[in-house]
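Line order of the protein sequences matches chains A and C.
Sequence positions in the first sequence follow the numbering used here and run 228 to 514.
Sequence positions in the second sequence follow the numbering used here and run 820 to 1153.
Think of the hints as simulated: they come from the structure by calculation, not from any bench.
Just so you know, these numbers come straight off a predicted model, no measurement behind them.
Warning: the hint list may mix true and false statements.
[Claimed, not checked] Straight-line distance between alpha carbons at most 30 Å, and here's what the computed BS3-like set of lysine-lysine pairs gives: (1) C/Lys923 <-> C/Lys893; (2) C/Lys923 <-> A/Lys425; (3) A/Lys511 <-> C/Lys913.
What follows is the residue order along each chain.
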Amino acid sequence: MATKASRSAARLMMAPAVILLLGWMLVPLIMTLWFSFRVYLPLRGGDQGWAGFDNYIRFVTSSAFWPSVQTTLIIVLGVLAITVIFGILLALLLDQPMWGQGVVRILVIAPFFVMPTVSALVWKNMFMDPVNGLFAHLWRFFGAEPVSWLSDASLPAIVMIVSWQWLPFATLILLTAVQSLDSEQLEAAEMDGAPIVKRFWFIVLPHLSRAITIVILIQTIFLLAIFAEIFVTTGGAFGTRTLSYLIFQRVLESQNVGLGSAGGVYAIILANIVAIFLMRIVGKNLD
Amino acid sequence: MGQIQLKQVTKSFGDVQVIPPLDLTIEDGEFTVFVGPSGCGKSTLLRLIAGLEDITTGHIEIDGKDATDLVPAKRGLAMVFQSYALYPHMSVRKNIAFPLRMAKMDPAEIDRRVNAAAEVLNLADYIDRRPGQLSGGQRQRVAIGRAIVREPSAFLFDEPLSNLDAALRVGMRMEISELHKKLATTMIYVTHDQVEAMTMADKIVVLQAGVIEQVGSPLELYRAPRNTFVAGFIGSPKMNLITGDEAAKHNATTIGIRPEHIDVVESGGAWTGTVGVAEHLGSDTFFHIHNTGLAEMLTVRAIGDVSLRHGDTIHLNPRTEEMHRFDADGLRIA
Ligand SMILES: Nc1ncnc2c1ncn2[C@@H]1O[C@H](COP(=O)(O)OP(=O)(O)O)[C@@H](O)[C@H]1O
Ligand SMILES: [Mg+2]
């Protein structure tokens, strides 16, 4: 876009997309802000005028708020840790020349194409069912008492389900990063006397750091909003109520749009804090 | 110490034998250059010596001890890669210190050696920078620095100058030669550029398709190439290789005469032709000559600026005493 003419032409061409995107984001955002300051109970009298900051205060002072923040953080951090660690291991594994590489790679990516609702249902009924689930059979085979995952170990179960969905994404990004590593660097390190673990630590891991930050950044944004997996498994019970699930309950189960919207605004603020924080790290890593 | 001996070494990738059985001895302190066209197996041979590739059959001995199954780090060799292979996230200092850190050397000793290397290679100015902020020549120096701090028994260079521009290449060539004089350590240097081979080597190993065509000092190779391949590969511009009746006159299948061994004369002379392209370099003039009645086009080097132009008739006289004769197999006839 060198000349003035081409620059203004470019602006003109981009305008529809920009306006559409802005509208797409701004309308719901402004409506959320608007409702968060209203007493709005659809089934109990509808919009009943200004609420001031009441909704905001009520949302954070409710006994469910802090536990939901904690649950959200546990799920996000747990899934991040699992996907990054296993993603690196899988990427290193898939980078090795092996028989049937193409098929294996497609299989590894496959979970990403399964809808969250479907995969959560499959996990719930096929694997984690305390009577007929595969895990239950496995436990019984070894003579152990089957675990009723979704009630007794609900958080680990959900972390596991969500990790299974996001592992392919992490693996894929990390695999491309692993493949972009100059093999001469590894050979140089080998000649310099670095055994395999040190080669990983000093050469491979720093090379992957950028990809890891990108994985963390993108996943965090999506993981803060996971919903379907909780909805179809525990329905928010057994300590699995995340912030987004709490908002959902406030709006749809308690039919309190104002209160839910206030929660939504908190969620936006939280997501932005995380985003700014992560952008800083990425910016540092993308020198 | 740094004597390296290859005994009946072969290397195959799958079914393809890249190096047929090969014997070679590299003496301690020698500057040996592997030279040959691209894809002839020079890098493979170097990597076999380094231990980065497993040899298929045969033995490698370093200082008389069998090193065939030693891992690269245990061979006491240091390598400078074509891509430099610097660690991009480490500063120059850390790059150079890396092999010493891996050897769990005392930090004070590491500092001493890194500073000494920095002084030898003049890289003190940018020792705290990262490789990404350095020019090609500077990266090259860092790569060499990382090799010398280990005080290896031999250095291996794989086309280290091929990513540099021409002027820098000449400079680095001299620096590497000087480094060799100073350290007196064995160096094996791989290149496809015969000028580098001629200017730097104590001993040149000419390779073609994994086979050693000739081993010798630069001047031995220049004066007495063992076959037509070496004759054509060593020397610039290339030796004229002439077949047909002219060769038969000298009882050979092929005769070779270097461009600098053909005199341009006013009249008469053994050969007469038309000047095609004339390259005037000032100090020399290279003529490419057609229509001599010989099967091949001739290249002639005249000293100084000879004022013949494209299309002029030229009279030539080869110095028969400088002529090389080759038989039907391309081998030199004594
Ligand atoms: N890892 C490998 N797998 C299969 N073939 C290889 C491999 N490395 C090198 N080769 C083959 O071996 C031959 C010699 O390669 P190389 O040693 O790199 O040549 P040079 O360095 O002389 O240009 C080439 O034909 C190349 O294709
Ligand atoms: Mg090569």
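Hint-by-hint comparison with the structure:
1. Our distance criterion of 30 Å between C-alpha atoms is met by C/Lys923 and C/Lys893, whose separation comes to about 14 Å.
2. Taking the CA atoms of C/Lys923 and A/Lys425, the gap is near 12 Å; set against the 30 Å cutoff, the hint holds.
3. In summary, the hint linking A/Lys511 to C/Lys913 is supported, as the alpha carbons are separated by about 20 Å, within the 30 Å threshold.
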